[in-house]
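Residue-level listing of the chains:
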Amino acid sequence: MTSPIAGGVDCDLHPALPHLTSLLPYLSDYWRDQVTTRGMTDLESQSYPPHSPISARPDWRPAKGKPGESLHDLTTQALDPFKTAIGICNPLYGLQMVFSEDMADAFCRALNDWLAQEWLDKDARLRGSIVIPVQSVEKSVAEIERCAADNRFVQVLMLVMGDMPLGKRAYWPIYSAAERHGLAVGIHAGSNYHNPPTSVGWGSYHIEDYVAQAQAFQAQLTSLIVEGVFAKYPRLKMVMLESGFTWLPSYLWRLHKFWRGIRMETPWVDRAPLEIVRSNIRFSLQPVDAPPDPATLQRLFDHMQSDELLLFSTDYPHWQFDGDAVLPEGLSAEQVRKIMIDNPYATYARLAGAGSKETAA
Amino acid sequence: MNVQFRPSAEQDAGAAAKIAIADCDIHPARRSIKDLYPYLAKRWHDHLEIYGGHAYQGMMEGPPYPKAQPNASRRDAYPPEGGVQGSSLAFMQQQHLDANNVVLGVLNPLNTGQGLRNQDLNAALATAVNDWQIAEWTSKDARLKASIVVANEDGPAAAAEIRKRAGDRNFVQVLLLSRNVEPLGQRRYWPIYEAAQEIGLPVGVHAFGFGGNPITASGWPSYYIEEMVGHSQCQQTALASIILEGVFERFPKLNMIMIEAGFGWAPSLAWRLDRVWQRLRSEVPHVKRPPSDYIRDHIWWTTQPMEDPERRDHLFQTIDWIGWDKLLFATDYPHWDYDEPTRVLPAGVSDANREAFYLGNARKLYGL
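Going down the list, the sequences are from chains W and Z. So the numbering used here is basically just the index in the first sequence, starting at one, shifted up by 2. So the numbering used here is basically just the index in the second sequence, starting at one, shifted up by 14.
Hints were generated in silico from the structure; no laboratory data involved. Predicted model, so just to flag it, every value in this text is computed and none were measured. All C-beta atoms in this analysis are idealised placements derived from N, C-alpha and C, irrespective of residue type, glycine included. You can take every hint at face value.
With a straight-line cut-off of 30 Å between C-alpha atoms, the simulated DSSO-like cross-links for lysine-lysine are:
id, chain 1, residue 1, chain 2, residue 2
1, Z, K378, Z, K267
2, Z, K56, Z, K154
3, W, K170, Z, K81
4, W, K234, Z, K81
Label pairs and their in silico Cβ distance ranges:
id, chain 1, residue 1, chain 2, residue 2, range
5, W, D104, Z, G337, 50 to 60 Å
6, W, R237, Z, P84, 33 to 43 Å
7, Z, D112, W, S308, 43 to 53 Å
8, W, E277, Z, G97, 36 to 46 Å
9, Z, E75, W, D104, 36 to 46 Å
10, Z, P78, W, D61, 41 to 51 Å
11, W, R280, Z, G337, 27 to 37 Å
12, W, P296, Z, S153, 55 to 65 Å
13, W, P83, Z, P266, 43 to 53 Å
14, W, R237, Z, P78, 32 to 42 Å
15, W, P294, Z, Q133, 46 to 56 Å
16, W, P60, Z, P84, 50 to 60 Å
17, W, A151, Z, E324, 41 to 51 Å
18, Z, M73, W, E140, 31 to 41 Å
Bound-form chain W, shown alone:
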């Protein structure tokens, strides 16, 4: 086993909202009334069925409630064992599935306030991601602006499967706001199910949806690169969360080959895809979709041609590893330091500050 080192940054933690009604204290009278009068059910996404093995490690399952809903469990199970200094919270509550942009906006605002008050206020190691009502770019930007005043929010969070490919120009004001405020944009596995969860239609099984996340990330990277997001926002960092990364080298070989062949179609893409990935795209460590032998993994790292792409993550409480084996076998001390400390700090500009509620000058 490769031992973690103290002071790391866990870039993918999932605190769970116990229930939609947990948002009631953070909603306006109107939306509180909507939730109760209409008898709205919990917005649990089938991307992570609560009892699915992938959704929580067996020894991280609480006796009652959703995995990840206890602050005590999260800090003692995910932060303390690895001497983690900073943990970034990426709530996966299913707000993106809501079709009304007004409802999604109200719920996102409530969720972000809930995260700040019930998690970030209670443990100084925690940082947050801003969940946005993606159907409305205007409302998303307003929510980024509102939350950006709190320096503990270090990232904007979107799902890898949504209404439109993420490179589409309609989304660019979101990226502009993120870059302006020094926020990374995190793209997490999951779907709003407004489109079939694969590019060839609806599969039969949960396992297919989960496998297909990797293909969805590939398609989004293509969109982000060829639409020119990083030519327009060169300082923007995007983080692929729970994406897997072993697909990256062969994916880039293919994209590079077609970019060479038909770059006349997207002439604003002024750098090779691999260079754009090196400067602007990062990947969370877990899951490591590779055989357990160190030689194969080191070969894959060699194919990635950069040691700056991976960011430490437990993916808590999802079941990606057992025991303390959060780092795959055979990493060098330098690789561990880069993955756990150097790369996250180079990605999340806001980690450099003290993490105060107030806006830095």
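Add chain Z to chain W, keeping to what the hints say.
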């Protein structure tokens, strides 16, 4: 691709020149739909002229994403006697088969009716295309072998067409496209697999097709390059569906070929499938073995568009993970992203692997 962007000392053109090769992805074209009329009932001539094809996409003719070149084909591949690229056997022989010493060429006709919403028309066109392949191509050049085109969304009709061709040595595989109404593991496609296994032919799954689903799980992208790169994601997902639905448990003698969608993704997909299967296998008890087992036993890949890393050792390591016995050389003639046989494989490959890559694997798989 017919762009030489980075001449490289690693590409030793001389070493592989003019060895006998199989080309497992050749696209014969028709000059117009009227070429199929001799093989198609009069009813359908009228239907096509009045209503057109009525596909799972909006364009009456032509692709939704404009191709990089006319007909997605090489500008130097127009036959001297006229017609679109790939429509002249004589010119294909001269420019490609003879020039590159192709001793086995597998025809994969596109624009065949697969992906049309009218299933009777789809079935009639499929039969016509199959007859046309024999009459115009394989009967005139023994190097060429045909694919059984089928009405992909109509399992019984497809199975009937496959059985009709049983034992006909003009055909070496059944042809499907990767993008259909549903993922290819779904039960509606099982009659196709059952019939293919019965007559002892592999099923080739070629990139492309239209089934009405956006080519990303987030809707329609903007550019042709996204569609082209996206075919690889479609193929990965289609293969995952085939494995996870248990197709190879049900049809253990069935082999499949992933055509024109790359192969570099195969190891990472297999690793991911194995890993997730360990967690979630209780959902799919019909998948009895690790997914990579089925891939290793049942799946082959054609090479074009060949993965092209900067370092050749990365390519070789990737092929080592897949197996040198699983790749079938293909050029995609006459399409614009054609892979040049003498340039595609860098130096440093053993003679045995080189022979398997260019010819041996194809002969073995197709039983020729």
